[in-house]
Each structure stands twice: as C-alpha cells, then as structure tokens.
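Peer 1: Each chain, written out:
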Amino acid sequence: MPDLLIELLSEEIPARMQGRAGADLKKLVTDGLVEAGLTYASAEAFATPRRLTLTVEGLTAESPTLIEERKGPRVDAPEKALDGFLRATGLSKDQLEARDDKKGQVWFAKITKPGRPAAEIVAEVLETAIRTFPWPKSMRWGAGTLRWVRPLHGILCILTDTASGTAVVPLQIDGLVAGDATVGHRFMAPDGFAVSGFDDYVAALKRARVMLDPAERANHIRHDAANMAFAQGLDVVEDAGLLAEVAGLVEWPVVLMGPIGEEFLNLPPEVLQTSMREHQKFFSVKNPKSGRIEKFVTVANVETADHGATILSGNRKVLAARLSDAKFFWENDLRVANAGMAPWLDSLENVTFHNKLGSQKARIDRIAALASEIAPLVGADPELAEQAAQVAKADLSSEMVYEFPELQGTMGSYYARAAGLAPEVAAACKEHYSPLGPSDDVPTAPVSVAVALADKLDTLTGFWAIDEKPTGSKDPFALRRAALGVIRLLLENGRRLSLAKVAARGYAGCFTAAYCNTAIAESDDRGNLINYRPKEPEESVVSDLLSFFHDRLKVFLRDEGIRHDVIDACLALPGNDDLTLLVTRARALSAFLRTEDGGNLLQGFKRSNNILTQAEAEDGVAYEFGPDIKFAESDEEKALFAALDSAEVAIEGAIAAEDFASAMAAMASLRAPIDAFFEAVQVNAENQIVRRNRLNLLHRIRQICLSAADLTRIEG
Amino acid sequence: MTQTTRPTCFQDVILRLQSYWASKGCAILQPYDMEVGAGTFHPATTLRSLGSTPWAAAYVQPSRRPTDGRYGENPNRMQHYYQYQVLIKPSPPELQTLYLGSLQAIGIDMALHDIRFVEDDWESPTLGAWGLGWEVWCDGMEVSQFTYFQQVGGHDCHPVSGELTYGLERLAMYVLGVDHVMDMPFNAPDAPIPLTYGDIFRQTEAEYSRWNFDVANTEVLLKQFEEAEAHCAFILGQPEVDPKTGKRIVMAHPAYDQCIKASHIFNLLDARGVISVTERQAYIGRVRTLAKLCADAFVTTEAGGWQPS
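Chain order of the listed sequences is V and B.
Numbered continuously in our numbering, the first sequence closes out at residue 716.
Numbered continuously in our numbering, the second sequence closes out at residue 309.
One or more hints might be untrue.
Sample of chain B residues facing chain V (criterion: CB under 8 Å; computed from the structure) [said to hold, decoys possible]:
#1 G107
#2 I108
#3 H113
#4 V118
#5 E135
#6 C138
#7 G140
#8 R286
Hints were generated in silico from the structure; no laboratory data involved.
Backbone N, C-alpha and C fix where the C-beta goes; we use that ideal spot for every residue, glycine too.
In isolation and in its complexed conformation, chain V is listed as follows:
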C-alpha cells in the first residue's frame, strides 16, 4: 500500500484562499483516484502562503481489472448496426457472443479493462486537478497558458512504499516537471532538498523553517501572543478571523509585541483595534485593569539576529503614522460633536441614499417620524426615540467613519455622548443597525428597538414603494436581512404591534417628498408639485410587504423546526400582522401537532371536514345550522355534543387571553370523543334528519377547531 505526497509550490497565495484551496485539492485528487478505481485509507491537505500539500495514505498500488458487459444490436440487425457496435467496443465479430433476449438473439460484448498502476492514475488525476482548479481568481504568467492563483513554480509528487521505496510520479505540465524536492523558507532556508515521504517532508520543512500545518501556526501564534501578554499582566483581544489570516501570511510565525505610543492611548479602543487590524493585521493587547488597549502583537515571518528589534521599530513607525491619522480624525470629529453635530446633519442632505428615495437627510426625517410612532408600542419615550433617530446616522459624515466605514454607529455613540445627549440616545446610535446577521445580538433598550425597527421598516417600505424588491438570489439592498431584523427585534423582545399599520405609515412617508418618481402629484397655482401620493394603492403594497415578512418568518421558524404549513394554518387567522402573536400561536400549534393527541385530532378533524365538504358539495347545501342533541342516537354522539360544548368555551376563553397552549389542550380534549364518534356512528345515515344533524355536528367540529388555527392547511 503506497502513500502519496503532493506539494504544489507557488508564489504567495492570498491568505483568504488557502483553506478552501487545501480542501479543493483534497477533493479533486481523492475523487479522481476513487473514480479511477483506487482506494485509500486517509487523506489530509495543508496550506502555507507558498504551498498546497496533500498526503494520501494507504493507496492501492493499482486499479482492479474491470470486466464490462455491453448489449449490442440483434443478430439479424443490418450490417451497419453491427459495425457501429464493433467500433464502439473495439472488438471483432468473433469476440462477440450471441445470447437469447426478449426480442430474439442479441449480440453481447465482454470488454476487459485491465488495471492500471497508481502512478499513472495519480499523474492523470493531478494534471486534471491543476488544470481545472477552482480558484476564485486565477492568472497566467510569463509566456505560458497555465492558470494558477499566482505563478506555479514546482510540483512535488511521490509515491512511497515500504517495499520499493520512493518513486517520483512521472508528470509534466507546461514545462513543470514533477520531482521529489522542494525548498524551505524564502529567507531563512531558501535551498532545495529532496524528501522520501510525508513524515520526512514535514520534519525537513520544519528544519527549513516552514510550519506546514496552518492549525499549528495559528496555535503557535495564539500561544506565544498570550504568553507574552500574560508576562506583563495583559490580555490579547481574541480575533479568530485575524488569527486565521495572519497564519496564512507566514510560513514561520515569529510573534512580536510592542507598545502603542502614549499619545494614542486615549483613542476609543474600537478605533485602535480597527486601525491596527485593517491596516497592519495587528492583534490588540488590553490592560485588564484600565480596560485600555495599550500594546500590539504583530507576527513576522522571519527570525533575525536582533530578535526582531528592527522589525518591531519599523512596525511601530508605521503604526504611529496610521494612528496619527486616526487621532487627527478623532479630534476633528470631537470638535464637531461637542458643538452638536449640526454640520454633519446638514451635509447628509447632499448625500444620496437612493436616487428615487432622496437624500440621507430625507431618510432620517422619515425614520425619526416613524420611530416616534413606534416608540409607545415598544415602551420607549417618543421624544427620545425621535431624537435618537435624528442623530443616529450623523457619524456617516464624520472623518473617522469615512476612513473606517465599519465603525459606523460605534463612533456615533461616542459622538452623541460628546454632544451631551442622553445615554439612551447614544446607545441607539450604535445599536439601531442591529441585528446585522443571524448571530448578531438584538438590542433590548426600548429607544434602540424603536429606532432599529423604524430604520429597517423605512428601508423596506421605501424599496417596496419604488418596486426594487429582492428577486431570486439578487438582494442588493439587503432587504431580506432587514425583514429578518424586524422579525427578531419583535420576537426576541416580545413586542406587539400591527405591522400592517406601521408599514402603511412608513409607506405614506415615502411620498411626502418630491423625489419619488413612482408617485403622482398635482401642481398648485405657482406650479409647485403638491399632494404626492403613490401610484400603487397603499393596501396592495402593504399586503405584498406583509407576505414578504411572512415568507421570511417561515424561513426563520424552519430553523426552530416549525413547518411552513403550521405557519400557514396560523396566518389564516386574524391578527396575522402581529408577528409575536402569530409566532406564539404557531409554536403552540407545532408543539400540539407533535403530541399523539394532536396528530390524531388532526386526522379526526380532516375526516370530519372531508365528509362535510363532500356532502356540502353533493347536496349544494351549507350545513351551518346548529345540531340538536335530541336527534343524537348513540352515547358516543351525545358525548361529542357535551365535549364540543365544553371545548368551545375553553378555546374561546384561551384564545381571548392569547393562551394558545391552553386552546390547543382544549382542542386535544376533543380527540377521544371525535374518534369514538366515528368509531360508533355512520354520518351518512339512512334517516335524513339524523344525517343532517350529524353533518351540522361536523360543522361545529370544524368551526371550533378553526378558531384556534386553520387545520385545513396542515399537510399529512
């Protein structure tokens, strides 16, 4: 059983592509080997900035001989058909066998595919893998036509067997000849060396100052950084994304820690962290006592005689230049903030939000109006909510956010505090963007919730107004994310509101200005346009938006294990634009249907409903008159009357109290009487009075059940 080792040596592979590339190499090669008839025990891929490596252990030495049988034309078929079959199989007529088949005698061919040695298969599979490698972006170089992520310099491809030793797989691609050698670290050990197998390769690379395994490099960085910080009583700020990136920028990580200049320590920690991460890929080191970021950790790719002193001093210099910029922005911004941020708000008038939806300023005014209307519904002070909405996006004009867009909101919060605004307002500046993704926390402070809802609802109603809805995979304005944000804000805070009313209010707000070209207007005496109103009637747009919310809700609840038909069953009931109510109902129904009683009741309900619907269709009558117990014949029928009476009261009361679990429990109490009724009684009795009465009884079952949820929508 030979082992296979492949290394593709190239110029520096972008850090963000390395992990995926390793996985792709493994998949392409192992799939190819298996497809060609080989098997293997295990495979693992690794990536460094300069190499992609794959080790495959326990590979079969050759593929098995395959015998394939193919059915040909009938023996009495024309000559041409037989000739074609012979050409396709590569056999001669005397090698064929005539056998009886359903339609008479038919030619059969037996084709033997001899097994092939692993080396031959590996060479083919690797060449195909290299030529079809799915890099996100690839390039040509020199005068060649081969594509790779950056110029490819070497192919190491060997098969190692305990019996026969190491053999190079014969392979040549566009002048690159596979061999058994590679090179070490670009600066510390640039010479080439040959290897005999994977273990030898890993050990030789380590001697040549290359750590092959990205996880080992990341661990090394994490460990050294933590130790260095710990020795000085400090903590490294965790940043998994940065760690993975930095581990992809070095073959031999050398961790260095340095101080941040005293004059920068008063910058907000988010600014220090963002500037250091974005520009220089530094980790931040925090002093747990002061809570401040006081040092940085950088990861070099080389060990030097001066133990990194030159490297560290160069990095400090670059950092100082970068942080001088940040400090300059921060101080300029604070001057504007201290004076109340007016110039920023004014300048937002000149920033287009969308050419059909006006400026950022116009949008902020709409959000503020909406936030103050939403505020009482979510327990917030309307004036504070309106004020928060007015300043929440002021930082978009600040110099710091221009430089670091990802600090929007965070800076707004600092600047609102500097402007002397209430803490709730400052918090809303930061929190109103949330939740940004499925793992992002949802704000809970009422003012933040009001502004966050208003912000997202304005976006949604605005883009609905100008008919820029998401289609298929296209959602350039992230409207699905906005809708999901609204859903989570309402549900996770347990807030109740009529989405239809709020959306209608937001929609109307989009037509109070002259920019909306989907509006109709009249001119006044002086030729000014007045009385803007939408071309599309408000109701249809709002109901369309509402069904968008409902679709998003289904996706959201699917993760909770609540089926779409359960939600449909609840959507059919009144108040379906109150998502919190809707979800409470859906959760109760879903839990109910998972119980044995629930499943059986559903069957009983469906049976009742089917019989009733069929009878109504045949008779052309709606059996809506109350059934009378005096026509009940059996005990089971009478028991059902009694059960329905008590369930009706219980369900009505529970629903009025929005206690859906109790409503479902009351419904569950109907299961036994309904089952017993169908067991004992024939609905379509000979006696027409009894039949009619029973159909009316079925109608009551339907009505009572439908008051909790539309069970006709439930599948199965």
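Here the structure of chain V is known, so what remains is to put chain B in place on it, guided by the hints.
Peer 2: Just chain B now, with coordinates in the frame of chain V:
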C-alpha cells in the same frame, strides 16, 4: 549575506534602483513628458505591455494626484510625487527574487527585515486594465506594488508582463529613517549646497494645492477634456497609409497622448469637486473608451506585434 550600505539621500535611492535594474538588463527610460497619475500611464508600460514583442524597461515617473495635495504640510501626502516603475515582458520566473534584490540594493537587509507579499489585486478602470499580485510589506509598511498584468485596454496580455511600482518618497523615507517627506535630504547631506525635498517641493506643493482645489478654471478644463477626447478619435480615424510618405503609419502614440491628457484633466476636475458621483463613472468610462481605442490601434503597429502579411 553581503553587508548592504545604506543610501544617504533621496537621489541615492533612485540612482541605486536605476543601476540595479540596468544591471538586470532593463532599458532605463526617462519619465514621460506629460502629466500622468501613475507610472503605469507611461506608454512604456500601457502600450508596451500589449502584443507579443519582448520588453524590459525601468524608469522614474513623476506622478500627479491633484486630490492628494496638502499644501506641503502632510508628512507623506503630496499632489506630485515620484514612482519607480519596472515592466518586463514576459514576466521572468525569478521576478520575485529580482525584486528582492532591488530592495537589497537600496540598503534593506533581508536578514533583519520582514518582507511579506500581501494579496492586492490591481485594477485601473480608466485604462481598462487589471492584474493579480501583491502589495509588498517591509516591516508592516507597503513599499511596492507587484502585479502580473492580465488585461490592458481591454486586451488579454499574451505574454504576461510583470510590473513593479515603488512609491519612491515613502520607500526612501523608510530607508533613510526620515519622518516628514519635506525633511528628507534630496542630494548628499554633505554636498556643498545640501538640498532637502522640502527645499525643492514645499513651495510647489502649496502653489499646486491652491490651484488644484480652488483656482483651476473648470470651464476651460471641461472644454479641454472634450477636445482631447475628440482629438483622440480624430487621430485614430485617419487612414492607415500616410498620403504624403505612402507608408503605413498608425498613430497609436499621438492618440494615446490625448487619452493621457483627458485622464489628467478628469483628475483635476475631480479635485475641483465639480464631478458628481454619478458623473464620475461616466467620465471614467469615457477615458476607458479612449484607452481601449489606443490599445486597439497599438496592436496593429509593429511595436505591438503586428506583421505585414
């Protein structure tokens, strides 16, 4: 590793790069005699990266970015600065090693410094060009741009050119240990008349900053843009065979000069703040159209690999 001596002044850095790349076989060209935003605009790069004819050139190119003007007060931002540009076609397999040699030549000792190739793909929307490569970091500072051209003027590059661009002031400041560009010695500090970068450029930076931002006549500029655009098309619209000499003379370079002119005028208009966000894209598209027309013309010339049939 050989002990590298450190340069003493700005021009020392330039001279060392010149002699290094000369020793590696590059033709040392002179700056192009027009205002450009970057060394890439020099026809020795833009046009010569097209077609199959081998090429190796290196040169200093004064570059102008009107919006970067800071009246000579910013430690490293200026509206006029120098780029060092190397273009080799086809890109040699050892280009990275050659590049690292150039850093050694200007006194960067590989045994003491941390050099890194960090992903940075290059795109010039005005030239209709893109390539893949890196920004090169030395101890965390970007010292060069390293690009393998894939497309220029809408044409696929066959063979591929390797392009190196050094921001000379920033690189020299780092090597010389200077914090403010205006303090950097330009000639030898022990020369009879020592001159700093500021002695030469502080005043011009202030003059051009004022002109770029507030004075340049936008009406004149707008008109010049239109003229350059029309002129470019006019030149390329001429018949290939010159009626006077009877020879086939495609005027790709004169047309490209008009494209360079249009591009610079656009940059000036941008600095004057008279181009809105939406118009901006349209202007860039107009310059790109010119660049593509010039590229189309160049590949029909001898230097562009065209052969009379």
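Peer 1: Does each hint hold? Answer for all of them.
Peer 2: Consistency of the hints with the structure:
1. Hint status for G107 (chain B) relative to chain V: violated, with the closest Cβ pair at about 12 Å, above 8 Å.
2. A least Cβ separation of about 10 Å between I108 (chain B) and chain V goes past the 8 Å threshold, and the interface hint is therefore violated.
3. Contact between H113 (chain B) and chain V, as hinted, is supported at the beta carbon level, the nearest pair being about 6 Å apart and thus within 8 Å.
4. Checking V118 (chain B) against chain V: minimum C-beta separation of about 7 Å stays under 8 Å; hint holds.
5. Given hint, E135 (chain B) at the interface with chain V, is violated; its Cβ is 11 Å from that chain's nearest Cβ, farther than 8 Å.
6. The beta carbon of C138 (chain B) is positioned within 8 Å of a beta carbon in chain V (closest approach about 7 Å), and the interface hint is therefore held.
7. Because the beta carbon of G140 (chain B) sits about 4 Å from the nearest beta carbon in chain V, less than 8 Å, this interface hint is met.
8. The criterion of a C-beta within 8 Å of any C-beta in chain V is not met by R286 (chain B), whose closest approach is roughly 21 Å, and the hint is violated.
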